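Here the protein sequences come in this chain order: A and B.
Just so you know, we're using UniProt numbering here: the first sequence kicks off at 1 and counts up by one.
Just so you know, we're using UniProt numbering here: the second sequence kicks off at 1 and counts up by one.
Since the hints were derived computationally from the structure, they do not count as laboratory data.
Given the structure is predicted, the values throughout are model-derived calculations rather than measurements.
The reader is advised that the hints may include incorrect statements.
Note: identical chains are not told apart, hence a pair may lie in one copy or across any two.
As the list claims (entries may be wrong) - In the DMTMM-like style, the derived pairs of lysine to aspartate or glutamate whose C-alpha atoms are separated by at most 25 Å in a straight line are:
1. Lys377 with Asp333
2. Lys479 with Glu380
3. Lys267 with Asp333
4. Lys63 with Glu380
5. Lys354 with Glu29
Below are the chains, spelled out letter by letter.
Protein chains: 2
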Amino acid sequence: MSRTEPAGTPLGDTFHVFDTTLRDGAQREGISYSVADKLAVARHLDALGVGFIEGGWPGAMPKDTEFFARAAAGELELRHAVLVAFGSTRRAGRTAAEDPQVRALLDSQAPVVTLVAKSDRRHIERALRTDVAENCAMVADTVSLLRTEGRRVFLDAEHFFDGYKFDPDTALRVLEAAMTAGADVAVLCDTNGGMLPLGIAEVVTEVAARTGFRLGIHCQDDTGSAVANSVTAVQAGATHVQCTANGYGERTGNADLFAVVGNLVTKLGMPVLPDGALGELTRTSHALAEIANIAPDTHQAYVGTSAFAHKAGLHASAIKVDPELYNHMDPVDVGNGQRVLVTEMAGRASVELKATELGLDLAGHPDAVSAVTRTVKEREAAGWSFEAADASLELLMRSAMGEVEQVPFALESYRVILEHGTDGVVVSEATVRVVLADGRRQIATAEGNGPVNALDAALRAALTPTCPWLSEVELSDYKVRILTTGRSESFGTDAVTRVLLESTGTAGSWTTVGVHSNVVEASWLALVDALAYAALRERGPVTLNS
Amino acid sequence: MSRTEPAGTPLGDTFHVFDTTLRDGAQREGISYSVADKLAVARHLDALGVGFIEGGWPGAMPKDTEFFARAAAGELELRHAVLVAFGSTRRAGRTAAEDPQVRALLDSQAPVVTLVAKSDRRHIERALRTDVAENCAMVADTVSLLRTEGRRVFLDAEHFFDGYKFDPDTALRVLEAAMTAGADVAVLCDTNGGMLPLGIAEVVTEVAARTGFRLGIHCQDDTGSAVANSVTAVQAGATHVQCTANGYGERTGNADLFAVVGNLVTKLGMPVLPDGALGELTRTSHALAEIANIAPDTHQAYVGTSAFAHKAGLHASAIKVDPELYNHMDPVDVGNGQRVLVTEMAGRASVELKATELGLDLAGHPDAVSAVTRTVKEREAAGWSFEAADASLELLMRSAMGEVEQVPFALESYRVILEHGTDGVVVSEATVRVVLADGRRQIATAEGNGPVNALDAALRAALTPTCPWLSEVELSDYKVRILTTGRSESFGTDAVTRVLLESTGTAGSWTTVGVHSNVVEASWLALVDALAYAALRERGPVTLNS
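So that you can see chain A by itself, here it is in the shape it has in the complex:
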């Protein structure tokens, strides 16, 4: 069995940042993690330095069982975090050892188990259809078995706050059953999410005083207060806080890990992450949104792209004089940045800054800066997005600086034919006609399992003989967004489409963008930029037009 305590934070085991993105977060409408996604999420969370990663419910969900199996087989090496399996107590009228669900928790080989138990008498009687005594026995038996097998156990006391209000004795008896049997933390859950901070403070303080148990907190966001409730619980004595990345979770979601951690570190001065980790909050938040395939919340506390954005007006001029008067903290501390929206000067300044970041010196090219700024503004207004497509932006900048065309071919035409035949088989075929750098004309046809795949294959067939480096380049990700640019614009299949294409080669990976009303043409534009960038990186600039 691996270690059961988090590593690397100054507070060690005395304070737990417990992430449940992979279990409770996955309940969010619209999230459907693959096992590969789950492993990737866990790696990001571990790199950030959370103490515990709840990976899922082995036995109940096949994907979760596989996740734990692959983690145990060595696919997941955790530097800071400890892996946790979630499960419920044994069923009524059965021993814990006989319960297949409890067996699955042990089989998962997770060194820590979070055990969910009912602590509201109404739920015990009406949902579980048993009595308080048997419920407590179920808790105690299951904790005992897990402890005997060497697991560390946290108790998730479901519906605790509602239950405590309705019948405090029952709620406390459930905690006691678990803690006496060897659980380490009694996690008070606001499962229905109806609490407010002062109520949380009162109950946490009272339960701590009455029991002396180590307490944790788990809040849902149904009153829009999950972050505040969690932080308040910590101020009232909880030393274990359960959160999810970006607040993902059922209904309105859970407490957002990044806001909770941001508040604990910067407002309460609690070093709950390893040194230097705070600066990774923004990057981690966006990476996890990407894996969940959910657009990042631009107005999210600490990590949103608008979180430190000031609109022209009352504050704008004063910020120039004294930025610290107008931000609650330095955005750089959480890996974010201040933005002023959006003057021509700010535009030029950010273009220059971005060029420096990309290794280009635009300082001596004022006309190029103007041209790039203008083009970016025009294209962004039409739906392009360069903030996620550095490679396309770099090509634009190089072109404005007078560098010659980098695409190793000129397009004459392409044609894609998609057929759904009478036999139900769907075929995609693409033909491209291009003129190569040496003046030769090439025609190539290829099939693919979709129009863009076929186009990519045909283009490669046409170019590979003269561009052998192309075999090193592959498309690694492809994203499509449908945009409705104006209010009165019609939606539907005639909307504008934005394609982001990620390519990987020996020089790493790069992202390009294309926008068009036709999804295939938008993909083509991104594909051409991807190859131009590949040409630049894989064998230096091409001198097609010189």
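Following the hints, put chain B in place on chain A, whose structure we already have.
Just chain B, lined up with the frame of chain A:
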């Protein structure tokens, strides 16, 4: 001058719900209200029953000046709310009567003025470049003039919490200058948004005790706690709360009106809106998102479409028994509704509940429940997503119950040709071959600005002669997601594509789903479901196969 007190709530003037969507909310990145928009927003807010509507800053913003002029000219009749103009105190070294900005406040004819004043000594000295005495004189003079002219005045004490912590005496002197001169409410503003609930409670309690003034609260959301901070301030004695619709505002935004009101009414039992108004929260939130041209936040407290959506199989079975155990309140009370999400996590109970929600009775069809549950799990594992595609799910259920095929045609084949010609023009052409319900074969060809648009047009051309109701149906939204479903599956343009298609007809709107490695085929599958559902809704089930 019109009345200065809100009308219609049981609490009357003793508690103020003060909305600043049109002033502070408009600072949100991406919002740009026209004057017509502002009038529409004010009408929605008044209909909901807020006490005060801050319309903008006349004199400083031309649109705001026009808004107040048109309101005064009779374009805005308010039943519940009082209109408020926002502005700042006179400048240093000038009388209030001479100050054009103060003049503009009077010219606006708004019966109430919110006056913003610095209450943090650092801001007084470093941003305003004056001293505390002159700052207090500016406040007192301006309040006096406004009172002499018959206006009611609220003081927005900017940066109050930071200022009070840094130098409490200065902060209190500013409040005193305003209140002694005749202001009604001293609004404590957490302008930089760095506060947490317990800190808010402490300061509000202390200031109330030291001054006896009527206090208000204005919170920004930089710690993710604006709603909780606002409600906590009310619990600590504030009787005036400033919010914005959907939490719109600069940076991370302001306290969300709907969450604050939802909490005050349902958690603290304070009747802060007129009778019956609570049930309008959801509708109002969505209408105001529409005007702001911002997609509604699906996970927003109380009003989000996911706010009462349950996914987990664990909960779904219990919800069937006793819904009130799994919601913090009855969603109907705020004009929202409970939804059960059918996903791979779903068990039979979720499928049955969902069927009831869709108006189908699966209770007597155990085999159909099994078949639907199995199909949903299989398809979701392959990338389908039914939780957002009720129409596809309903078709699946009807089919499992033995209802005949609803599609009013059988597909023979389709072909799509996309050409990017030598002239750079991109053309999409689709041909469909279908057999109609009466056995006739139809071929139709159409162009579109993309492959799906062309297919949709060709299919309509083939079907409209026999399905005239089709002219009432249009595609209203189209979403594409690229999925990587399996462990070793490659990414790139050969990944699986999921299409969600929203259609609108006389029967409302409905969403269907299609999944395939080919984006066009995936779209086709969603399109066929959309038409099948339309056939069902627009003219009842078809008996093609019977």
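Going down the list of hints, with the structure as the test:
Proximity of lysine 377 and aspartate 333 under a CA criterion of 25 Å is satisfied in neither setting, with 29 Å inside one chain copy and 44 Å between copies. Taking the shortest alpha-carbon separations for lysine 479 and glutamate 380, both the intra-copy value of 17 Å and the inter-copy value of 20 Å come in at or below 25 Å. Taking the shortest alpha-carbon separations for lysine 267 and aspartate 333, only the intra-copy value of 13 Å comes in at or below 25 Å, while the best inter-copy value is 36 Å. For the identical chains of this complex, lysine 63 and glutamate 380 are inter-copy neighbours only, at 12 Å across copies versus 39 Å inside a copy, given an alpha-carbon limit of 25 Å.
Only between protomers do lysine 354 and glutamate 29 lie at most 25 Å apart by alpha-carbon distance; the minimum there is 15 Å, versus 36 Å within a single protomer.
In this structure, only the earlier hint numbered 1 is contradicted, and the remaining ones agree with it.
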